[in-house]
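Engineer: Please put together the full structure from these sequences, using the hints given.
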Amino acid sequence: MSTDLGYLAAIVDCSDDAIIGTRLDGIIEIWNPGAQRLYGYTAAEAVGRHVALLESAEHRGEIANILARVAQGEVIRHYRTWRQRKDGSPVDVSVTVSPIRDTRRRVVGASAIARDMGPQATLENALRLSEERYRSLALASTQIVWTKDERGDAIGDWPAWRTFTGQTQAEIAGAGWRDAVHPGDRENISRVWAHAVENGTVYETEYRVRRNDGEYRQMAVRGVPVFDLAGQIREWVGSCLDITERKRVEEEARRSQRELELKTRFATIFLTLSEHEIFAAVLDAILQHMESEQGIFGYVDEQGALVFPIWTWSDCPVPGETVRLPRTQWNGLWGCALVEKRPVCTAGPRRSIVTPILFQNDVIGLFVIAGRTIDYTEQDKQTLERLGRDLAPVLKARLQRDNEERGRQRAEAEVRTINAELEKRVEERTAQLQAANQELEAFAYSVSHDLRAPLRAIHGFSRILLEEHAPQLCSTAQHYLEVVRANALQMGELIDDLLTFSRLSRKPLQKQTIAASDLVAQALAELRPETPARAELVIGELPACRGDQTLLKQVFVNLLSNAIKYSSKRATPRIEVGCLPRADGSPTYYVRDNGVGFDMRYVHKLFGVFQRLHRAEEYQGTGIGLATVQRIVHRHGGRVWGESELDHGATFYFTLEADP
Amino acid sequence: MNDPVDILLVEDNPSDAELTMHVLERHNLAERVYVVHDGAEALDFVFGTGDYAGRDAANFPKMMLLDLKLPKIDGLEVLRRVKAEPRTRSIPVVVFSSSWEDRDLKAAQDLGADKYVVKPVDFAQFVEAVRAVLVSGHGVR
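Chains C and L, in that order, give the protein sequences. Letter by letter, the first sequence follows residues 1 to 660 in our numbering. Letter by letter, the second sequence follows residues 1001 to 1141 in our numbering.
Among the clues, some could well be false.
[Unchecked claim] Computed cross-link-like contacts, DSBU-like style, restricted to lysine-lysine with a CA-CA straight-line distance of at most 30 Å:
#1 L/Lys1072 - L/Lys1083
#2 C/Lys553 - L/Lys1106
#3 C/Lys507 - C/Lys424
#4 C/Lys553 - C/Lys507
#5 C/Lys553 - C/Lys605
#6 L/Lys1072 - L/Lys1106
#7 C/Lys507 - L/Lys1106
#8 C/Lys511 - L/Lys1083
#9 C/Lys381 - C/Lys247
No lab work stands behind these hints: they were computed from the structure.
Structural biologist: What follows is the structure, given as structure tokens:
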């Protein structure tokens, strides 16, 4: 901004036109040398006075009028009028008046540019203006303008070149300017120049020019021939432009582009390739990027050792194999880079750069590149450092992922081993159970055949004795025989019940939808012979369930049979079948009676085989009914329990699977 | 040896055999009951082989009372062979077993047993079954 202001000031100062700045009220604030030349007043005389002092008597009020229009934002262009000089003489002028605005776009003043339109002034001005324009252009431009003759020797002064190179005009003269050109570029200049001169075409090239601080700057140079009236080349005019910065920016952009591409490639590699492929792929990308032949890329494993899965080092002993270096072996160049956590660079025939890859200040990997034809530069080192920084998070993530994967696989393997062991144990246990079951079955089979045979004989022969030989027997003997027969019968029942029980346990479940109310009806029908006519039967609402029809009927038969039996001595036996409200969807059925009940102290014995809580003389039974109930309910995945108070009835509950 | 036989009782348990004989006699169900003590002997008797070579094999018993659990050749095998042979297929066979097992009952039925009676402590059912088979001559299938 300040440069711009300076520029403006210079332009205002050196302008041949009168440039006057006034406030809106007409008070002069700016008065340039051109104004002094035109009107004869010095700046000191004019500034602070009203601009109307320039008005002649004939044009009185004109300026006020112009200012009023400008105040409205209007621009008055090339207004031709007469003004009066300090000495009173009239002057023919063309005035352009524009509003001056403040930062808020408010008009705060006017600028007037007045040009002497007298004939003489016009001619002089035209010439001077042309030259000035050229000079201004040369000055205003960042380009270094030059004029050369056909030989390429300097013509006239090259002020910008002087400033840029620090050469004096004398040093520039002739071919002297070439001294500032990089020696390596001079020959090329001559060739291109000769070609342009010969063909009268545009001269265009690039060369390095030594700046006044000694630094060579890259210049883009362009020149054109200027022809005279006869069509002959009179001279060459051209310019040089310092493109070093542009080149640098371009190079930077190219580099950024390449590194961005490399980053993308890294990301792709890490995301898509398997563990043993990524290192080769990454190294390949880096080597290509760094124009290097050889390289090593490795990571630090869980134990803190440096592992190189990939190795393209021609003179190393173990190419193509994974190398593992524990921390104790971190020495030499690599060790230095790893321990000091910074890249290390060597020059000469075995030139290389070793770059540690750091993640949150931990060394997680390392790459080494070598085998380039020219030494690595500080810039290469920085590039590698950047690559290392870019690589670090992806490498870290990948290493973590691989570690987790390995951990997961280990855990899975353990689980598989445990499962296999479990399965083996289950198989063994199953085989044992099957063997036991078979034994049990064989036992039951033999019981049903062999145990019953002697009973039949005891029962049968005592019956024959009683029926056919009674006369020969005394009454005591007859009684004893009766006892023998009754016990044999009882034993037969026990065996039958036991066999039934055993069969229930072995029979495969055939689950189906069961209408519980039907089952209860069937069970009650079966039990009718033993049900006292006076008994009161209350059947509640019984939801359907899933289970084995035959077995579940047995459950109801057994429970109802008990209920009938133990309430049979009541004046009004009352037997109730119902279902509790479902809490979790599975029905809880119950059978309740108002019978003798049982002592809750013995509740744990209720469901045991051959367990009886009442004396046989009081209530007949083998003590296997509830054991059977429990076995069946358990086989259905349900629960069964009983509640009672001695002499106040009993309730038996069991749960089953709901019918879906 | 060639006397006609009313009932061939195949029973290895002497007490059971005696009891069965007694019941048959008491109920006048058979006068000529012949007892064999294992499956092999039963087959020899029926087919006139072995110890029974020369017996008139055409002189079939009116019925067989067959225990299942027998020495040498078990009852089901005896049943199978008797029912597989056209000559003997028509002999009514009452399987008279102490087994309640469904599989035994089903196997006996599948092999063509005419009746299946579980050896009772009370003989009423047995007597009824034997009488039914004897009266119909071919048993009730």
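Engineer: Need the list of violated hint numbers for this structure, in ascending order.
Structural biologist: 8
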